[in-house]
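Student: So the chains spell out like this:
2 protein chains.
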Amino acid sequence: MPYKQAVDALKGEVDRLKLEITNLQVTHSAVGNITIGNYILTRLAQLKVTKMFGLPGDFNLGFLDLIEEHPDIDWVGDCNELNAAYAADGYARVKQNSLGVVVTTFGVGELSAMNGIAGAFSEMVPVLHLVGVPSTTQQKNRPILHHTLGDGRYDAYTIASKQFTISQAQLMDKHEAAHQIDHVLVQCITRARPVYMTLPTDMVHQEISGERLKIPLTRHPATNDPQTEEFVLDLIQERVQQAGGDIAILVDACVIRFDVQEEVKEFLKQTGFPVYSTPMGKTAIDEGYNRYGGIYIGTITHPLVKQRVESAKLLLSIGSLKSDFNTGNFSYNIPTRHHIELHSDHTRVQYGLFSGIGMKQLLPKLTERLQHWYPTAIKLPVEPFVNVVPNAQADIPMITHAHFWPRVGQFFLPKDVIVTETGTSNFGILDVPLPEGAKLVSQILWGSIGWSVGSALGAAFAAREVGKERVILFVGEGSLQLTVQELSPMIRHDLKPIIFVLNNSGYTIERYIHGRTRKYNDVDNWKWTSILDTFGANLGKKYQSYMVETRAELDKLLNTPGFGAADKIQLVEVMMPALDAPQALERQAELTGKGNTYAP
Amino acid sequence: MPYKQAVDALKGEVDRLKLEITNLQVTHSAVGNITIGNYILTRLAQLKVTKMFGLPGDFNLGFLDLIEEHPDIDWVGDCNELNAAYAADGYARVKQNSLGVVVTTFGVGELSAMNGIAGAFSEMVPVLHLVGVPSTTQQKNRPILHHTLGDGRYDAYTIASKQFTISQAQLMDKHEAAHQIDHVLVQCITRARPVYMTLPTDMVHQEISGERLKIPLTRHPATNDPQTEEFVLDLIQERVQQAGGDIAILVDACVIRFDVQEEVKEFLKQTGFPVYSTPMGKTAIDEGYNRYGGIYIGTITHPLVKQRVESAKLLLSIGSLKSDFNTGNFSYNIPTRHHIELHSDHTRVQYGLFSGIGMKQLLPKLTERLQHWYPTAIKLPVEPFVNVVPNAQADIPMITHAHFWPRVGQFFLPKDVIVTETGTSNFGILDVPLPEGAKLVSQILWGSIGWSVGSALGAAFAAREVGKERVILFVGEGSLQLTVQELSPMIRHDLKPIIFVLNNSGYTIERYIHGRTRKYNDVDNWKWTSILDTFGANLGKKYQSYMVETRAELDKLLNTPGFGAADKIQLVEVMMPALDAPQALERQAELTGKGNTYAP
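So the sequence lines, in the order shown, correspond to chains A and B.
Counted from 1, the first sequence has number 210 at position 210 by UniProt numbering; the numbering is strictly sequential.
Counted from 1, the second sequence has number 537 at position 537 by UniProt numbering; the numbering is strictly sequential.
FYI, nobody ran anything at the bench for these hints, they're computed from the structure.
In this text, all values refer to a predicted model and were calculated from it rather than measured experimentally.
One should not assume that every hint holds.
If chains are identical, the list can't say which one is meant, so a pair holds when it fits in one copy or spans any two.
[Stated by the list, open to error] DSS-like mimics (lysine-lysine), calculated; alpha carbons at most 30 Å apart, straight line: (1) Lys-542 to Lys-519; (2) Lys-556 to Lys-265; (3) Lys-265 to Lys-306; (4) Lys-140 to Lys-214; (5) Lys-556 to Lys-541; (6) Lys-496 to Lys-519.
Could you put together the complete structure from these sequences and hints?
Tutor: Structure below.
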């Protein structure tokens with residue numbers, strides 16, 4: 001394993017250096033054999049992009065022609081740009097080692113997508129936002145075109161976008177275009193954040209040299225400095241020695257985002273240390289792994305798990321992201337002197353910071369250094385993380401969260417992709433152990449309601465390609481109203497998600513934070529079982545809707561083999577009490593509500 | 001009339017000066033008798049705001065309590081923030097002399113609204129974007145809260161918002177709050193552009209002095225400098241003399257936006273000059289006025305109208321906004337030496353610019369100076385702008401644009417509010433003379449598809465209050481998919497728009513610009529006649545849907561008295577050929593397509 005990774009890293013380094021040389025050799029050659037539009041598509045295809053999301057707008061139509069004609073990339077017409085950005089985000093999350101792409105048009109389209117792009121920034125998801133913009137001539141003369149602010153400020157949208165992307169390319173000069181395109185794409189895939197590119201109408205068909213395309217773009221990070229790395233390895237080894245091997249591992253979001261799941265898995269297997277996950281790290285490692293103890297989330301953690309994590313002499317957290325909802329409102333009880341943190345581009349050992357030492361290359365070496373602890377580590381106790389089987393025949397027939405989540409926990413299968421919406425679902429899923437190869441997709445830091453619907457569209461496309469099986473979406477009826485139209489492309493493209501609509505008469509997460517019985521937290525009760533029919537009846541596609549009001553009905557549906565086979569898009573309206581919520585949400589909401597200090 | 005206006009202007013000036021004195025006298029008094037939240041609401045109520053649009057989010061819930069409790073302001077829960085911003089825009093457009101308000105939450109909510117706010121900027125619509133943000137303590141400590149970018153940049157959203165609003169207030173200090181609130185509101189209403197305000201959770205209930213509330217906020221612009229104004233009046237009078245009174249008037253968007261409709265009406269009545277309108281100025285003056293000659297839009301204009309406008313010795317344009325779609329792609333044939341332009345804050349006479357001379361005060365004086373031309377002016381010919389009655393029994397049974405628009409033209413009634421979507425509808429409506437007191441609401445410069453649906457929601461609330469009657473929306477099925485959920489609050493709030501869904505199998509405006517038969521311009525054919533039922537069936541409200549496929553069916557429906565009575569929300573799916581469009585659109589699209597220079 002370490003050899004393979006070392007080779008990959010070196011190959012990446014070689015490609016990076018080759019590209020750098022090409023940049024330096026840039027000649028204003030008149031010879032061109034590929035259009036800029038197709039140069040972009042070739043790069044994206046090399047990076048395994050097969051779907052591009054977005055809407056047509058008159059400034060991107062010429063580029064859409066090229067997408068429609070491309071042999072390996074399909075255009076997914078979305079119903080609006082925010083949903084398209086969410087879809088690109090969901091696609092990138094499931095199709096690791098690639099990226100999501102959303103194509104919009106100048107002003108109106110790109111600004112509609114902005115919340116989705118900012119979410120990808122916050123949650124560290126590699127997304128390219130490609131915007132069709134007026135011609136280079138128009139950008140120089142700045143007439144009052146439609147989609148402009150009417151005051152000649154053609155740069156306003158880019159200025160706004162800079163806040164939410166790590167790199168921007170404005171393709172105004174064909175001699176610079178290839179370099180610019182490569183640069184933003186490398187930034188996107190190595191730093192796992194969104195980037196922004198504007199493509200003027202008259203640049204789409206400009207011809208440039210495709211010579212650079214022979215050098216692949218690498219997503220491998222720069223090499224750790226060997227001497228610093230050696231020092232860090234020695235230091236960690238020493239600390240582990242001092243702790244007598246009494247270590248707990250905590251995996252978090254960036255394990256997924258920075259593509260170190262394999263390295264972490266190997267590290268755990270060779271060392272035998274007990275491992276826990278944060279909410280955002282859930283499914284970074286298989287939850288059926290026998291040294292896995294479940295979710296750690298500060299004071300909200302199950303008491304026994306809390307005690308195990310916090311009493312370890314040393315906590316090694318990998319890829320941590322300490323946001324409020326990921327840490328039980330910052331309630332970790334881990335003294336800095338007991339804490340080692342591995343990150344994508346730095347390492348912390350207790351109070352010491354080591355810049356430039358990234359976990360991708362450090363982990364295999366750490367595995368070698370610590371694997372001799374295996375006999376000791378394997379004896380450290382871990383409470384098994386198991387699903388508590390609910391009783392369908394309980395006195396209360398209604399479907400509460402306490403019942404619902406363990407019950408659907410029994411329904412999950414290996415390799416399911418499970419998408420949960422901000423709100424009750426994000427919290428409800430935490431206590432359910434997910435099967436081998438299952439992947440949880442959620443947006444815990446950014447928390448934009450409605451995100452899960454667009455995200456599920458992208459996730460469903462990606463799942464097909466990466467050998468995942470079913471896509472199962474959990475969304476509240478309030479959240480679904482924000483982005484409901486994105487069910488339509490799911491039907492058109494023959495995607496087959498199972499969509500659980502938790503109908504609990506309003507924004508329950510908000511009710512728990514503030515305004516429990518306020519009207520502003522109510523939402524209209526749509527006829528949810530009609531929605532697939534309304535969007536899909538004219539398309540001649542298969543779809544089916546259900547409503548379940550009791551535990552028995554839920555049970556019966558989940559046990560129907562045809563339902564679980566997921567051979568068509570299905571929507572299940574689950575009637576739940578308005579003021580019922582998962583325990584973890586109740587506790588988080590209480591803490592959040594206090595922070596808001598609304599009380600006069 | 002001039003006396004009344006002079007008095008109004010002076011009263012405004014007095015209030016402005018009083019507020020300025022109050023600013024200078026600001027004392028850090030501990031005495032407070034009103035909360036900041038209620039101070040804001042009191043100001044908004046004074047400005048005749050009765051509806052506030054938006055969604056709950058945990059950082060705005062405390063403020064929503066106050067809205068829900070306010071006797072004169074109602075909360076309109078929207079289905080998503082973009083739609084809410086569109087609704088605030090539509091509300092402000094119909095309820096002139098007030099403003100629209102959209103309330104969102106930190107990050108996720110406000111960014112979703114951004115396209116709507118930018119549209120209000122572009123189109124000059126007074127909208128307050130009020131954002132509930134984390135507490136002042138949290139903003140100082142900048143923890144990684146949900147809805148943050150994860151990197152402590154709490155100012156990123158404000159930086160982005162600055163691009164699309166003319167004034168921003170961050171209410172971080174209670175002693176500054178009242179002054180800040182007043183300042184942004186005055187900017188909003190006098191300059192007719194959106195403003196941005198952040199309200200931290202812990203500021204909502206802070207008490208401040210309500211003393212300033214006794215001084216009303218004025219929307220009257222600052223007084224023109226008397227000497228410059230006198231000079232300008234003399235100059236215009238001289239030019240009119242030289243032209244022998246051969247003048248045409250062209251009214252445009254800013255007549256509506258800057259509240260000079262009454263002044264213009266009086267000017268036209270007293271002088272008798274012929275008058276024309278641009279697309280964005282349509283209904284700024286009644287289209288039934290006997291000196292009104294229809295729409296001028298450069299080379300796209302009807303030849304006779306074009307000849308009348310361009311052959312006048314002098315063109316006086318009032319409130320002009322020369323965007324591509326408002327001018328037939330900048331194809332005015334008006335030499336600068338024949339052109340006088342009155343604007344909100346400046347005047348142009350031929351090549352000369354007079355800053356600070358605004359039309360609001362100039363117009364009544366100009367009326368006095370030019371009314372003696374009446375006997376000459378009244379003889380200048382004007383072609384009557386009449387509806388061409390279509391033949392329902394024509395050979396072609398299908399509903400084409402050439403048939404549809406004149407036919408619905410017969411259906412319109414005085415005081416209708418007509419909302420048209422970007423796309424075919426914006427162009428189709430141009431040739432239809434609208435009845436007395438009718439108001440056209442459209443977004444020709446910004447042109448964000450889907451806007452009309454949210455806008456119609458806001459327009460419908462406002463229409464009720466300003467004595468308008470029916471609200472009639474024309475939207476393509478492609479555009480409606482972007483924002484469809486906003487039909488839901490229309491049902492909930494018992495609004496009764498008539499919604500014509502022009503189902504022409506895709507984005508027809510885009511097809512005309514580029515990609516006529518491309519798949520990316522297709523949209524799924526929803527079961528449109530089910531949508532009201534899906535959203536409304538559980539609410540026990542009245543609604544009705546229809547589909548018309550032929551001219552005869554359309555005729556029959558429009559002649560049904562119950563239909564025109566608009567006593568419930570109604571949706572009409574109008575089946576139209578995919579490649580049919582209004583003539584004006586065909587010509588505009590051709591010009592726009594050329595500008596894009598996609599051809600390799």
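Student: When no copy is specified for Lys-140 and Lys-214, does a C-alpha distance of 30 Å or less occur within a copy, between copies, both, or neither?
Tutor: Neither way: Lys-140 and Lys-214 sit 34 Å apart in one copy and 49 Å across, limit 30 Å.
Student: For the identical chains here, do Lys-496 and Lys-519 meet the 30 Å Cα criterion within one copy, between copies, both, or neither?
Tutor: between (35 Å within a copy, 22 Å between copies)
Student: Within a copy, between copies, both or neither: where do Lys-556 and Lys-265 come within 30 Å Cα-Cα?
Tutor: neither (37 Å within a copy, 70 Å between copies)
Student: Using 30 Å as the alpha-carbon threshold, which applies to Lys-556 and Lys-541: within, between, both, or neither?
Tutor: Result: close within a single copy only, 25 Å intra versus 33 Å inter.
Student: For Lys-265 and Lys-306, with the copy left unspecified, which applies at a CA distance of at most 30 Å: within, between, both, or neither?
Tutor: Answer is within; shortest intra-copy Cα gap is 22 Å, inter-copy 75 Å.
Student: Tell me, please, which holds for Lys-542 and Lys-519 at an alpha-carbon limit of 30 Å: within, between, both or neither?
Tutor: between (37 Å within a copy, 22 Å between copies)
Going through the hint list in order, the structure does not satisfy hints 2, 4.
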